[in-house]
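Based on the provided sequences and hints, a complete structural model is requested.
Protein sequences appear in the order of chains A and B.
Position one of the first sequence corresponds to residue 1 (UniProt numbering), numbered consecutively onward.
Position one of the second sequence corresponds to residue 1 (UniProt numbering), numbered consecutively onward.
Simulated from the structure, these hints should not be mistaken for laboratory data.
Computed from a prediction, not measured in an experiment: that's the story for all the values here.
We put the beta carbon where it would ideally sit given N, CA and C, even for glycine.
A few of these clues could be false.
[As the list claims (entries may be wrong)] Below, in silico cross-link-like pairs of lysine-lysine (DSS-like), each with a Cα-Cα straight-line distance of 30 Å or less:
{"no.": "1", "chain 1": "A", "residue 1": "K84", "chain 2": "B", "residue 2": "K245"}
{"no.": "2", "chain 1": "B", "residue 1": "K371", "chain 2": "A", "residue 2": "K9"}
{"no.": "3", "chain 1": "B", "residue 1": "K632", "chain 2": "B", "residue 2": "K303"}
{"no.": "4", "chain 1": "A", "residue 1": "K15", "chain 2": "B", "residue 2": "K284"}
[To be verified] Here's a subset of chain B near chain A, in silico, CB distances under 7 Å, partners left out:
{"no.": "5", "residue": "K278"}
{"no.": "6", "residue": "I285"}
{"no.": "7", "residue": "T294"}
[Stated by the list, open to error] A short list of chain A residues far from chain B (calculated; beta carbon distances all over 10 Å):
{"no.": "8", "residue": "T32"}
{"no.": "9", "residue": "T33"}
{"no.": "10", "residue": "G44"}
{"no.": "11", "residue": "L45"}
{"no.": "12", "residue": "K74"}
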Amino acid sequence: MAEVEETLKRIQSHKGVIGTMVVNAEGIPIRTTLDNSTTVQYAGLLHQLTMKTKSTVRDIDPQNDLTFLRIRSKKHEIMVAPDKEYLLIVIQNPCE
Amino acid sequence: MLPASAKIPLKQLHRQSICIVRGNRKKDEESGTDVVEGTDEWNHSKAAVRPPDQLELTDAELKEEFTRILTANNPHAPQNIVRYNFKEGTYKLIGFVDQLAVHYTQAGNLIPKDSDEGRRQHYRAELAAGSQESAKLIISEENLEEDEEPKELEAEAGSQTDVPAAGAVEKVTEEEMMTPKQPKELKLTNQFNFSDRASQTLNNPLRDRECQMEPPPRTNFSATANQWEIYDAYIEELKKQEKTKEKEKTKTPVAKKAGKMATRKLTSMESQSDDITKVSQAAKIVERMVNQNTYDDVAQDFKYYEEAADEFRDQEGTLLPLWKFQNDKAKRLAVTALCWNPKYRDLFAVGHGSYDFMKQSRGMLLLYSMKNPSFPEYIFSSESGIMCLDIHVDHPYLVVVGHYDGNVAIYNLKKPHSQPSFRSSAKSGKHTDPVWQVKWQKDDMDQNLNFFSVSSDGRIVSWTLVKSELVHTDVIKLKVEGSTTEVSEGLQLHTVGCGTAFDFHKEIDYMFLVGTEEGKIYKCSKSYSSQFLDTYDAHNMAVDAVSWNPYHTKVFMSCSSDWTVKIWDHTIKTPMFIYDLNSAVSDVAWAPYSSTVFAAVTTDGKAHVFDLVINKYEAICKQPVVAKKKNKITHVQFNPIHPIIIVGDDRGHITCLKLSPNLRKMPKEKKGQEVQKGPAVEIAKLDKLLNLVREVKTKT
Chain A
1 MAEVEETLKR IQSHKGVIGT MVVNAEGIPI RTTLDNSTTV QYAGLLHQLT MKTKSTVRDI
61 DPQNDLTFLR IRSKKHEIMV APDKEYLLIV IQNPCE
Chain B
1 MLPASAKIPL KQLHRQSICI VRGNRKKDEE SGTDVVEGTD EWNHSKAAVR PPDQLELTDA
61 ELKEEFTRIL TANNPHAPQN IVRYNFKEGT YKLIGFVDQL AVHYTQAGNL IPKDSDEGRR
121 QHYRAELAAG SQESAKLIIS EENLEEDEEP KELEAEAGSQ TDVPAAGAVE KVTEEEMMTP
181 KQPKELKLTN QFNFSDRASQ TLNNPLRDRE CQMEPPPRTN FSATANQWEI YDAYIEELKK
241 QEKTKEKEKT KTPVAKKAGK MATRKLTSME SQSDDITKVS QAAKIVERMV NQNTYDDVAQ
301 DFKYYEEAAD EFRDQEGTLL PLWKFQNDKA KRLAVTALCW NPKYRDLFAV GHGSYDFMKQ
361 SRGMLLLYSM KNPSFPEYIF SSESGIMCLD IHVDHPYLVV VGHYDGNVAI YNLKKPHSQP
421 SFRSSAKSGK HTDPVWQVKW QKDDMDQNLN FFSVSSDGRI VSWTLVKSEL VHTDVIKLKV
481 EGSTTEVSEG LQLHTVGCGT AFDFHKEIDY MFLVGTEEGK IYKCSKSYSS QFLDTYDAHN
541 MAVDAVSWNP YHTKVFMSCS SDWTVKIWDH TIKTPMFIYD LNSAVSDVAW APYSSTVFAA
601 VTTDGKAHVF DLVINKYEAI CKQPVVAKKK NKITHVQFNP IHPIIIVGDD RGHITCLKLS
661 PNLRKMPKEK KGQEVQKGPA VEIAKLDKLL NLVREVKTKT
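What follows is the structure, given as structure tokens:
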């Protein structure tokens, strides 16, 4: 348990990381380092997008599965790593 | 239309003549021809007054007779009716069509005399007549006319009135008591002016009775049925089947109980454990992603950058620095060992310890992945400094480690404990001096894991893992030749040589080389424990590393703190090539992709890369690699597949460098000839060089 906590701490303190959050299978955020409204917004939207992406990948080949999803925008990069029950979202500003 | 009868009353004639006139005015021909007898002359004398829009016909046409047939067919009846016959299953034409056309119907109220109703009425009438006759006798005469009338009517209606009337009288006289009732019965209702009076009985009030039950509980259910959901369901089913099969196979009651207990424990553990641990896998992936972003340029360089300046640089090459790996916990410790994982080519193991015998502290074993330069994947710590390590080829999760205190230990990466799985101890035959090198060997006949270790105490020990215990066997005791001195008691005292490095031959399993502190290299065999196969007077100082060439079976290389690197042919006692690098050489390594390329690192922080094909006498790359000049490089390793090397220094930093294209040159393609690749080519390449050298030597 401590290992995972440490890993999350390291990610949060990494260069350029704006925020991290853990969302459960229903789209409800469990842990977050951002404020509530932003978190809820991110959680809801990204949860839907991840479900859609996963469905797409698996529809094409059921033996395949989604490993992670990266959305790069002008301002920052949103990284989503889906798990069986959880979703880990990290927002980073790639140093440029 | 015009009436066609001849006999017409006079008064109507006038009317007729007017009709005829009208008929002439009509447009159809018929009226013209359809003429009444009586008005013939009138018609002919009259001048034809024709309306302007009347049909103009020729005489012939006028005289033309049109036949009109009157049939009994109903013009409105359908001419052909088709009905579907279910027996035959086809549509059939019904031949006979009903031509009857009904114009007017009215239900009449005449009933035949002989019918039931008729007879009943007649009987009633007789009764009424009978009662009236008696009424006549009893009641006043005023009713006579009224009675007679009905009697008359009856007489008219019925034919045989006399007889029944008499009978009725007789009946009436008998039934005098019933006279008040009889007039009621006999009273005929006026069919045009009659009203019934009715009375209603009490209706029982109706009451609705209903019974309602509680509605069954409802829930909304929604799901999707995709291809992958169906696939998942099938896979689950398959797993269940496999489980049941396995259970059937291991069908002992004890095993069952144990299994149940285990499963119970598992389930309870899972429920107790915190939710956050399940994110570990995702967290790892995200950490790597975040690092990839931060070190994006480095990752791109690693993958794609090829030094363009090499074309202009003649034969020389460069080393491009990529990642730097370091960990706070291992800051003070020097890198004492490096090893790439044979299976996962981005994973490498680093052993930390100290070369300084005055400052001995703890040791660490870290495994880094190139995908995550900021934090190691695995961390193990030990009490004594780690001096060497090796990863098993077949079991890439087993790492054997040699310690400064002479112990050896095996770490299992699959188990997350910080403690080694197996450890030697004083009882189990540990070395009395630091273990300088360990190497895995092939599994022995009993499929037990086996490795060798060499140490300064002069012993080369073979360790076997028998039933989770380390069993040691002394293979060879290194003796310094010519140093046996006789002590007064007649004992022969051997000076023990201190082994500092060894390497096993790639093909000849039993043959291996050992380098010693005295600067000698011994060629030994696993089977001969007392004698060496050969001895080479290699260096003036301790041999730091020996290494067989990965392609050429005869060639090996050695380096020493006497500033030299020497390349040997094991059949010849003198080295083939000697290189002086101006500083103590701490490590050498052959490149995995070519038989003539090797790298050497020195304590002044420089890395030298040689390619014998290009330049026999000088390095094609001499580059300071570490950040601070005071850092001494301790080890170097080539990555088996990627064109990178890792270099460890005595500050605990590991630097990853990319080899520029000049350093990895393959033999040039000759026009028309295919480029041959493979070990044979490499061997031939080196052979050529060696032959040149040998020729030179024989000449001199």
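Status of each hint after checking the structure:
1. K84/A to K245/B: holds, 27 Å
2. K371/B to K9/A: Since the Cα atoms of K371/B and K9/A sit roughly 18 Å apart, the hinted pair holds (cutoff 30 Å).
3. K632/B to K303/B: holds, 28 Å
4. K15/A to K284/B: holds, 16 Å
5. K278: Where the cut-off is 7 Å and the nearest Cβ of chain A is about 6 Å from K278/B, the hint holds.
6. I285: It holds, given that the least Cβ distance between I285/B and chain A is near 5 Å, below 7 Å.
7. T294: For T294/B, the interface hint holds, since the closest Cβ of chain A sits about 5 Å away, which is under 7 Å.
8. T32: About 13 Å separates T32/A from the closest Cβ of chain B, which puts it past 10 Å; holds.
9. T33: holds, 13 Å
10. G44: holds, 19 Å
11. L45: Per Cβ check, L45/A is outside 10 Å of chain B; nearest 18 Å; holds.
12. K74: holds, 15 Å
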